[in-house]
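All chains should be modelled from the sequences, with the hints used to inform the complete structure.
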Amino acid sequence: ALISAFERRSQETYFDVDSLDKIAFHYFESGRFEEALSAIDQILSVQPFSAYTWLKRGVLLGNLCRYEDSHQSLEKALSLNPHDSEILLNMGLTLEALGCDDEAVKRFDEAVRLDPLNEDANFHLGCASARLGRIEEAVANLQMCADRNPEHQDVWFELGYCYDILQDFEASLEAYSHQIDLDPYSCETWFNKGVVLTKLGRMEEALHCYDLTLDIDPGFIPGYHNRGNTLALFGRFEEAIECYQEILDRLGDDAQAYCNMALAAAELDELDRSIHLFRKSLSIEPDFAMAWHGLGCCYTELGRHRLAVRAHTKATELSGDNLDFWCCRADAELIAGYKRKAVKSFRRMTELLPDDHRVWMEYASVLSQNGKTREACKAYERAIKLDPECPTAWYQYSELLFMLGKVDLCLDALSKSFELNPEYKKRFRKHCPPEIYNHPRFRERVGIDH
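In the working numbering, the protein residues as written are 788 to 1237.
To be clear, the hints were calculated from the coordinates, so they are not data collected in a lab. No experiment lies behind these values; they were computed from the predicted model shown. Check before you lean on any hint, since a few could be wrong.
[To be verified] Pair ranges (Cβ atoms, derived):
(1) 825 to 986: 12 to 20 Å
(2) 1134 to 1058: 53 to 61 Å
(3) 862 to 936: 41 to 49 Å
(4) 998 to 1110: 31 to 39 Å
(5) 1035 to 862: 33 to 41 Å
(6) 1141 to 900: 20 to 28 Å
[Stated by the list, open to error] Using 20 Å as the maximum straight-line C-alpha spacing, the simulated SDA-like pairs for lysine to any residue come out as follows:
(7) 863 to 887
(8) 1165 to 1143
(9) 1213 to 1172
(10) 1131 to 1121
(11) 1128 to 1171
(12) 1212 to 1165
(13) 986 to 954
(14) 863 to 906
Positions of the beta carbon are idealized from the N, C-alpha and C atoms, including for glycine.
So, in structure tokens, the structure goes:
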């Protein structure tokens, strides 16, 4: 009767605050937020200093996706009651919706400080902290929420995600298992559990999770991608291709699915088929770096080296920080005879991985092939500085020093390589020119007595 009277009201109709509050609650529960807002505004016209009513107004406006207006109402509520954790919690939620994650975290944190046991405040503070990359802080808040309410709807899912980021995979699995106990039909949880199991190398269990994901929701496309990728890791490439085909059957065309099919076909040595699939992928997404990279690898296998260089060059242009792409480009350029280009590519690799002695050795080798002996020596010196115990670097360095006429330094480097690996002394005996090998001073310095 009260609701009917409100809906038939005229401007002169009067409702007391208690009645308006009941009316607003009814509409809110029914999802009729505009009508609820109308009742709340009538209350505020009579009681403009009620923080709780301003809070309700902010919540309603949030449900109507009017986030700026919601924030203003919640600011008003907070000005009237600055020590209310619920107001701060809802301000945080509104700021999240506005994309202001840093400000949201501050409000959630204030709410937790006022009410440390507030599970919702801890939960949302944890989620917001995770989005900002503050994973350890996120775990602390999420765990507080889980301890307070082990049956919280989403906390175990978020904990599973955070532990995964921290590479605590066993803890992540345990959290996802808790979530599955609460919601066994969550395809996202089964999917994420499969991802973690894959990282642990527990492939059969991962496949089981992906199967359950797709049983729950056959239209969950990431499930087909990951199931196919896991099968490919197992070497079950035909089955992997079937998974990717399922994606194409459902979506029509998908660049990632074609690319993954091409990678699997290449593993089966079906290179012409693989090239066709990579081209299909690129016809959908011309700037797909992985497809260009895969295409280049196929061309290399077929001996079509100039085409390989073009494809690998495109891949590095699209993904300039991918070391594998640069490595394949450099190798392709060397094979195709583009030595100067290869030098630049190897140089780029040293920029991407400056602390890896193997990269510097590769760079030194290609510099040497291009007749840049002094630059090659400097590259070997960098490699040796990074790994003084690498005998190959010392041995190859000694060869270049000899070419530069730096005999004493050459002998020092050669002796060091013999010390680290006696096999290099055998190599030296086999390959050293007689005029050097038989020179008494040389033999004495490197410890050769016969």
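TODO: For the pair we were handed, residue 863 and residue 887, check the Cα-Cα distance against 20 Å.
DONE: holds, 19 Å
Task: Status of the given 20 to 28 Å range, CB of residue 900 versus CB of residue 1141 - done: Once the Cβ atoms are compared, 44 Å apart, the range 20 to 28 Å for residue 900 and residue 1141 is violated.
- [ ] For the pair supplied as a hint, residue 986 and residue 954, confirm whether the alpha-carbon distance does not exceed 20 Å.
- [x] The given pair, whose Cα atoms are some 9 Å apart, holds under the 20 Å limit.
TODO: Note whether the CB distance of residue 1134 and residue 1058 lies within 53 to 61 Å or breaks it.
DONE: For residue 1058 against residue 1134, whose Cβ atoms are near 31 Å apart, the range 53 to 61 Å is violated.
- [ ] Given the range 33 to 41 Å, decide if the beta-carbon distance of residue 1035 to residue 862 lies inside it.
- [x] Once the Cβ atoms are compared, 51 Å apart, the range 33 to 41 Å for residue 862 and residue 1035 is violated.
TODO: Would you mind confirming whether the straight-line C-alpha gap from residue 1128 to residue 1171 stays at or under 20 Å?
DONE: At roughly 25 Å apart (the allowed maximum being 20 Å), residue 1171 and residue 1128 break the hint.
Open item on the list: Against the 20 Å threshold, does the CA-CA distance of residue 863 and residue 906 hold or violate the hint?
Closed with: violated, 25 Å
Open item on the list: Please check whether residue 998 and residue 1110 have a Cβ separation lying inside 31 to 39 Å.
Closed with: Given a distance of about 34 Å, which is inside 31 to 39 Å, the answer is holds.
Open item on the list: Hinted pair, alpha-carbon criterion (20 Å max): residue 1212, residue 1165. Please report holds or violated.
Closed with: Violated - the C-alpha atoms of residue 1165 and residue 1212 are around 24 Å apart, more than 20 Å.
Task: Straight-line alpha-carbon gap residue 1165 to residue 1143, limit 20 Å - done: holds, 15 Å
TODO: Can you let me know if the beta-carbon spacing of residue 862 and residue 936 is within 41 to 49 Å?
DONE: 29 Å Cβ-Cβ, so the 41 to 49 Å window is violated.
TODO: Please work out if residue 1213 and residue 1172 have their alpha carbons no farther apart than 20 Å.
DONE: violated, 25 Å
Checked against the numbered hints given earlier, this structure breaks hints 1, 2, 3, 5, 6, 9, 11, 12 and 14; the rest are met.
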